[in-house]
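**Student:** Spelled out from the first residue to the last, the chains are:
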Amino acid sequence: MKSLSKKLLILQDIELKLRDLKDPRYQETFGKVDEERLKALEELKKKLEKEIPPDKLNLFRGLMKMHGRAVAIVIDGDTCSNCFAKLPVGIQPPGDDEIVQCNICGLILYFP
Amino acid sequence: MSTLAELMDPKRVKIGLEAKDKEGVLKELVDLLDLSDENKEILLEALKRREELGSTGIGKGIAIPHSRSTVVDNIYLVIGTSKEGVDFDSVDGKPVHIFFMLVAPPNDPGTRYLISLGRIAQLAKKIVQNKVDYLSVETPEELIELLKSLEQE
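Sequence lines, in order, name chains A and B. Using my numbering, read the first sequence as starting at 17 and increasing by one per residue. Using my numbering, read the second sequence as starting at 1066 and increasing by one per residue.
Just so you know, these hints were derived from the structure itself, not from any lab. Misleading hints may appear alongside valid ones.
Below, a list of computed lysine-lysine pairs in the DSSO-like style, where the Cα atoms sit at most 27 Å apart [to be verified]:
#1 Lys63/A with Lys1113/B
#2 Lys102/A with Lys62/A
#3 Lys1092/B with Lys66/A
#4 Lys1191/B with Lys23/A
#5 Lys102/A with Lys22/A
#6 Lys1191/B with Lys48/A
#7 Lys48/A with Lys18/A
#8 Lys22/A with Lys1191/B
#9 Lys1105/B with Lys102/A
#10 Lys38/A with Lys102/A
#11 Lys18/A with Lys1191/B
Interface residues of chain B toward chain A, partial, derived using beta-carbon atoms under 8 Å [to be verified]:
#12 Arg1133
#13 Asp1138
#14 Lys1148
#15 Pro1171
#16 Gly1183
With beta-carbon atoms standing in for the labels, derived distance ranges [stated by the list, open to error]:
#17 Lys1196/B with Lys62/A: 15 to 25 Å
#18 Arg1177/B with Glu58/A: 21 to 31 Å
#19 Glu1103/B with Lys61/A: 18 to 28 Å
#20 Glu1103/B with Leu64/A: 34 to 44 Å
#21 Lys48/A with Arg1177/B: 37 to 47 Å
#22 Glu1110/B with Glu51/A: 44 to 54 Å
#23 Glu1103/B with Leu60/A: 16 to 26 Å
#24 Glu67/A with Lys1190/B: 38 to 48 Å
#25 Val1193/B with Asp113/A: 32 to 42 Å
#26 Glu58/A with Val1156/B: 35 to 45 Å
#27 Asp1086/B with Lys62/A: 43 to 53 Å
Built from N, CA and C at the ideal position, the CB exists for glycine as well.
Could you build the full structure based on these sequences and the hints that come with them?
**Tutor:** Written out as structure tokens, the structure is:
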């Protein structure tokens, strides 16, 4: 089973993909993506959203709206890949159903 | 960023890809990036998800696999060639001999990602129009020189 932060990471990737696919500059290079395939990706997004608790999904949505991204990777075990702030000493990867946010930029942290 | 050449680095070029199928090629290209195994896996999944929407094999032996991903800290271009060619479900059904893989982080204020994809497509057109013999090149440095001069034409 995927952890909540991993689901949010995948959801972010899908949202970014959908945004690019609809951009005219992208379509100029690769043409329009087949509607059926686009629909399949939208379905995958909906399925994933249903697996995420509403409060966490709202947080994700708010961060996406505010920053254009919602999830950051933890690099070298103690640094947020979004703002490069050092995370507080002792910060641990959350349980599968929990999330941890960067105390500086607020993005949801994914511990690889 | 003004040119694609600025994204080219011999460390991210592989002459003679060993993989024989689509997933293998993507993996081999991702392996050229300095990422942990788990981050490579996440990036590979994102690239495969894009391929499911339709192959990025644009025909004439060229493919441009691409994706944004949280696991990369910058925009990276990875190039690979295969003399034998790889079945990549290309639009013309022909094997692919040169791959331009572009990956970028989610935050990309200058939209370098979309601009670079457009530039790669232009470069691909030049490769086809000029019938560039990129498969006779033996080193990453030579391939970069060839592509740089082509981009400047």
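**Student:** Compare the structure with each hint and give your call.
**Tutor:** Hint by hint, here is what the structure shows:
no.: 1; hint: Lys63/A with Lys1113/B; in the structure: holds, 18 Å
no.: 2; hint: Lys102/A with Lys62/A; in the structure: violated, 34 Å
no.: 3; hint: Lys1092/B with Lys66/A; in the structure: violated, 30 Å
no.: 4; hint: Lys1191/B with Lys23/A; in the structure: violated, 41 Å
no.: 5; hint: Lys102/A with Lys22/A; in the structure: holds, 21 Å
no.: 6; hint: Lys1191/B with Lys48/A; in the structure: holds, 22 Å
no.: 7; hint: Lys48/A with Lys18/A; in the structure: violated, 32 Å
no.: 8; hint: Lys22/A with Lys1191/B; in the structure: violated, 40 Å
no.: 9; hint: Lys1105/B with Lys102/A; in the structure: holds, 23 Å
no.: 10; hint: Lys38/A with Lys102/A; in the structure: violated, 36 Å
no.: 11; hint: Lys18/A with Lys1191/B; in the structure: violated, 44 Å
no.: 12; hint: Arg1133; in the structure: holds, 5 Å
no.: 13; hint: Asp1138; in the structure: holds, 6 Å
no.: 14; hint: Lys1148; in the structure: violated, 26 Å
no.: 15; hint: Pro1171; in the structure: holds, 4 Å
no.: 16; hint: Gly1183; in the structure: holds, 5 Å
no.: 17; hint: Lys1196/B with Lys62/A: 15 to 25 Å; in the structure: violated, 46 Å
no.: 18; hint: Arg1177/B with Glu58/A: 21 to 31 Å; in the structure: holds, 27 Å
no.: 19; hint: Glu1103/B with Lys61/A: 18 to 28 Å; in the structure: holds, 23 Å
no.: 20; hint: Glu1103/B with Leu64/A: 34 to 44 Å; in the structure: violated, 19 Å
no.: 21; hint: Lys48/A with Arg1177/B: 37 to 47 Å; in the structure: violated, 23 Å
no.: 22; hint: Glu1110/B with Glu51/A: 44 to 54 Å; in the structure: violated, 23 Å
no.: 23; hint: Glu1103/B with Leu60/A: 16 to 26 Å; in the structure: holds, 21 Å
no.: 24; hint: Glu67/A with Lys1190/B: 38 to 48 Å; in the structure: holds, 43 Å
no.: 25; hint: Val1193/B with Asp113/A: 32 to 42 Å; in the structure: violated, 51 Å
no.: 26; hint: Glu58/A with Val1156/B: 35 to 45 Å; in the structure: violated, 23 Å
no.: 27; hint: Asp1086/B with Lys62/A: 43 to 53 Å; in the structure: violated, 31 Å
Violated hints for the displayed structure, listed by number in ascending order: 2, 3, 4, 7, 8, 10, 11, 14, 17, 20, 21, 22, 25, 26 and 27.
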